[in-house]
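Asker: Spelled out, the chains give:
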Amino acid sequence: MDLPLVALVLLGAMSALLGSLGGIGGATLLVPTLLALDVDPLLAAPLGLLVVAAGSLAAAARQLDDGLVHHRLGLTIELTASVGTVAGALLATQIPAVWLARLLGVAALGGAVAALARRGVRNLPVAAFDADVGGEWPGTLGGQYSLAGRMVPYQARNLPGGLAVSLVAGAIAGMSGVGGGFVKTPAMSEIMKVPVKVAAATTTFTLGITASTGLLIFAVQGRIEVRNGAAIVLGALAGGLTGARLQSRLPAVAVRIATGALLVAVALVVIGRTL
Amino acid sequence: MNDAAPLEDPPPDPRRNRFVPLSIAMLRLLAAIAVLALLTVLAPQPWDVAAGWAMVGVLVAAPLFRVLWLVQRWLRRGDPRYAVVGMAVLAVVLAGAALAAI
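Chains as they are written, first to last, in this note's numbering: chain U, 14 to 288; chain P, 169 to 270.
Do not rely on the hints blindly, as some may be mistaken.
[What the hints assert, rightly or not] Just so you have them, the derived chain P footprint on chain U, three or more residues with Cβ under 8 Å:
id: 1; stretch: 60-68
id: 2; stretch: 97-106
id: 3; stretch: 216-229
To be clear, the hints were calculated from the coordinates, so they are not data collected in a lab.
Please read all numbers here as calculations on a predicted model, not as lab measurements.
Beta carbons are placed, not taken as given, at the ideal position from N, Cα and C, and that holds for glycine.
Looking at chain U on its own, in the form it has when it is part of the complex (with noise of 0.2 Å):
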C-alpha cells in the first residue's frame, strides 16, 4: 500500500467521527474509500476492523458513564454475529469482490431506508423512572435512558429477528472488514424497537468484539500491515473520542437522519465502482 501515513491517519479520524455518531462503525466508510484508492481488499479489510476496534473502545468510558449501552442486550446478539465473523473471515477469499462490493450496497440501503422511514421519539418519557439513572434491568432485556432530562423505559422484542440480521451482519464484517453497524443499529432500533441512542451505543460495544474475532483470524493468516493499522488507529482515536462525546448531546431524531444520509453515500460509492 502506497499511501502517505498523515492521509491514513485523517482517513482514520474522518471515518471514525462520522461512524461513532451514526453508530455504523467507521469502517463502513473507511472501507470502501480504501478500494476506491485501489488499496487491495484483502489489506484493507483488516485495517477496517482496526478502525472498529479503536472506535468501540475510544467510545467506550463515555458511553459507559451515560448509562446507554445495554451489555446484556449486545452480547445476545453477538452470540450470533460473532459466529457470522469466523464464518465471513474464513470464506472471504472464495467471494468474487464484485459481488461482496453489490452485496455491501445494499445493505448500506436497506439500512438507510430503515433509519430514515420513522419520524419522531417512539419511546417517551415517563415520570415514575426520574428517580433513577440510565442503564439495563438486570436479568432482562430491558432498560432505561435519559431523554431531555427524563427517564425513558424501553424493552427489547423480537429477539429472533435481532439474531437473524446480527449474524448477517457478522458476516459482512468478517467478508469485507466493515463492521456492520449499519445493519445492527437500523435493526435494534426497528426490529427490537430499543431506542436509536440506546441501540447505536449498544452496537458501537458490540462491533468491538466483531473486531476482535476478525482480526484474530486475519492476524493468524498474516493479513494485518502494522505500521499502516497504527497510523489509521492513530486517527480512529481522536475521531472517535469526538464521535462519542457529540453522540450523548445529539437529538436522536438528528441521529437517525445523520445516519440514514451517510448510508446512502456509502451505497451510491460501493454500488457505482461495481459498474
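Chain U is fixed; fit chain P onto it per the hints.
Answerer: For chain P alone, kept in the frame of chain U given last:
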C-alpha cells in the same frame, strides 16, 4: 406535634458508579493503544513492528476483557443466564481463531 422523621436528601443511587472500574480500565487501555500506535509510526525498525503487534494485541484483548469483567460481575450478582451468554461469545471468538490456525 409531628413525629415524622425530618426530610433528608435520598442517598446516592449505587448504580450510578457501577461501571467506574470498567470505564477506568477502558481509558487506560485506550491510552496504551495511543502510545503503541505512536511508537509504531515513529520508532525505528524493528521496534515499530513490535509496537504494532502489541497495539493489535491490546485492541483485540480490550473488548474480550470487557466481556470477562461483565461475566464475573453477573455471576457475583446472581444473573447467571447472561454470564453464560458472555462466556459463549468468548468461546465463539476463540473457536474462530483456532479454526483459522488449522
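Asker: Given as covered by chain P, does the stretch 97-106 of chain U meet the bar of three residues or more with CB within less than 8 Å?
Answerer: Holds, because 4 residues of the stretch 97-106 of chain U bring their Cβ atoms closer than 8 Å to Cβ atoms of chain P.
Asker: Establish whether the coverage given for the stretch 60-68 of chain U by chain P is satisfied; the threshold is a Cβ-Cβ distance below 8 Å, and no fewer than three residues must meet it.
Answerer: holds (count 3)
Asker: For the stretch 216-229 of chain U, do at least 3 residues have a Cβ located nearer than 8 Å to some Cβ of chain P?
Answerer: holds (count 8)
No hint from the list above goes unmet by this structure.
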